[in-house]
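Here's the letter readout for the chains.
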Amino acid sequence: MSRPMLIRGGRVIDPSQGIDDHLDLLLVGGRVAGLGQGLQASDVSEVVDVAGLVVAPGLVDLHVHLREPGDEHKETIASGARAAVAGGFTSICAMPNTRPPIDDPAAVGFVRAEGERAGFARVYPVGAVSVGLKGEEMTEIGELVAAGAIAVSDDGRPVHDSGLLRRTMEYIVAFDIPYFSHSEDLGLSAQGVMNEGPVSTALGLRGIPNAAEDAAIARDVLVAELTGGQLHILHVATRGAVEIIRAAKARGVRVTAEVTPHHMALTDEAVRGYDTAAKMNPPLRSAADVSAVRDALVEGVIDCIATDHAPHHYEDKEREFDFAPFGIVGLETALGVCNREMVVSGRLDLSELIARLSCKPAEIAGLEGGSLKEGSPADVVVFDPNERWICRPEKFLSLSRNTPFAGQELVGRVVMTLVDGRPAFSSLGDREAAPAGVR
Amino acid sequence: MEFGKDLTGLEELSKEHIIALLDVAEPFKEISERAIKKVPVLRGKTIVNLFYEPSTRTRVSFEFAEKRLSADTVNITGSSSSIVKGESLVDTARNLEAMRIDMVVMRHGSSGAAQFLAERIPSNVINAGDGQHEHPTQGLLDMLTIRDHRGTIEGLKICIVGDISHSRVARSNIWGLTKLGAEVAVCGPPTLVPHGIEELGVHVFKRVEEAIEWADVLNILRLQLERMEAGYIPSLREYNRFFGVSISRLERAPRDILILHPGPMNRGVEIDSHVADGPHSVILNQVTNGVAVRMAVLYLLAGGTPERAEAAKGEKAQ
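Line order of the protein sequences matches chains C and E. Residue numbers for the first sequence follow this note's numbering, so the first one is 64 and each next one is one higher. Residue numbers for the second sequence follow this note's numbering, so the first one is 371 and each next one is one higher.
Honestly, the hints are just simulated from the structure, not real lab data. Incorrect hints may appear among the rest.
[To be verified] Within a straight-line C-alpha distance of at most 16 Å, the following computed EDC-like cross-link-like pairs (lysine to aspartate or glutamate) qualify:
hint, chain 1, residue 1, chain 2, residue 2
1, C, K380, E, D586
2, E, K527, E, E489
3, C, K458, C, D493
4, C, K380, E, D461
5, C, K380, E, E489
6, C, K312, C, E332
7, E, K399, E, D518
8, E, K549, E, E382
9, C, K380, C, D106
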């Protein structure tokens, strides 16, 4: 049981209650016990003064890869959950494409138990849609949910068979969980390694056209409409997909969508020089696509931000571009990148950004958290929205370093992350010790 | 004029650098015509020819260029090396480097492999073809051959015909020729022409007749047979009928067209024998020029200067 804590003097932003004010936050017994001005500290064993900092509901990431079991040299459940709290995330959803995949209840239980044992961010398993992620036979979805899965997905691979997709989306209605879709038409992506466009033509790299994503999302939306199942589109990266999702929402289809920080921050120009840190799937797209997904996030057509944190060992990325694996880490850079791209640039206000990093994703997956209402879990992030810092991958708590943001200046840095009322990450001591400007 | 450590592509070179390379190749041509084909320009230099993909013409051409400049050479090919044991490119390169080499000439199936290598070892790296990216010495020898026969590149209309999407030769030609002031076009089945290639500054012809009507020079690319297997074209017969360069099509051209082909040819597919063997074909001149161009590249990357090229090749081998 965590000690009662009073977080005093911060700017509390809780989009779930429409709050953006200087308030004190009282946490007792792992729950939010009060939010108000001049709260009494008499019975509180710990008082934390956070003047000048933002206090918000802990961030929620619907889309991470923790690599355990199978590739523990890239990331473990514990190391990923630790990187998460360093980035302000108090809940993360672990995709099932491990080795072996998370396609049976025992595996789901393993992920949950390892997450609890680690004691950093809450780790919610996503179960596989199909046995072995083969896209053939449906997993025991009910059993997976009973064991703790909060969604199903074959992420990394699309569900190619539309019949399987239909049955899955019908079946999940009984268990009230979403289907997380990696939407990609493999015939159109055709072993491509980057966005298809002028840059791929110049570099001589096989391109993945926007249509590979758009066509698959269009189909997935139609199947969601047919079945009434809850569809969540992972990592939307194209302007065409935005329009498909916008139209589907207007018709009342149960569809939500996420965008990654990197798809809002970078274009395929980042691939020039054959930088494998810029290789991910879906690929970095054109400037027009970046602009469209940013606007869609502002408008709410895209509901939330998720990192698609995909750790890879350095030697796997230190390869010819064709042979390097897809994916980048994102947990420790998400807040700084999104704040820089969306808030500092004036596209969103900070409260709206927090909504998309916290309340919205929690709502989509039906998770506790994403709120500082009385009685909510004491999952809290405290951060300095103005701190400018240089991204140095060697300082990551993640076991992997594969990021295209290395050396870039990011804006906004986590100071403390509380999970269940316990400080799971804190640099408060360091801040007090260090003179301003050298942090 | 400074040449960098490496030659990875023509995209990175200025017009002046390309012209200097072609000009340096001129005097080197004569070495191969001598009874004793050897000058001491690269004496004591160790060069590794690292070929991850099969190649006859390019590898032999580089090797002749190296040997005629008195370098010590080693050939490594994909099938007979630690590559088949799964050693990574970076490890192979570091091991070669540990044996103290001076230059690596590399052919590799992945675009960007030459740049990858160049950024990781201090030796000079010469790209002998990387995936679908560039084949700069082929581009240079094409330009040298065109210049030999037409006097200049500037203002010429040059069409590259065939599988543009998968062709490193096409890209090197496009960069090099446009920098030297040629008008460049491409022509091929739409499945084999990248969308948006116009952004590289080229025209696109859908029909080979239109290309022939327009062009002063045709550079006819080899059709890789695996493209048919992968479904980019329905059959070789159909390819020949609609995109092949035949003598009857050429006879309808309004002017004499210079015919280039990087080889190896599929006679009767992309090029008919009468065209390949006809009076306007300079395909074997390309091969001859290839040795001179590669000598020029080796010489300049090894620190030679354009001004000293004539004198350098005059030195007698000891």
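- Of the hints stated earlier, which fail here? 1, 2, 6, 9
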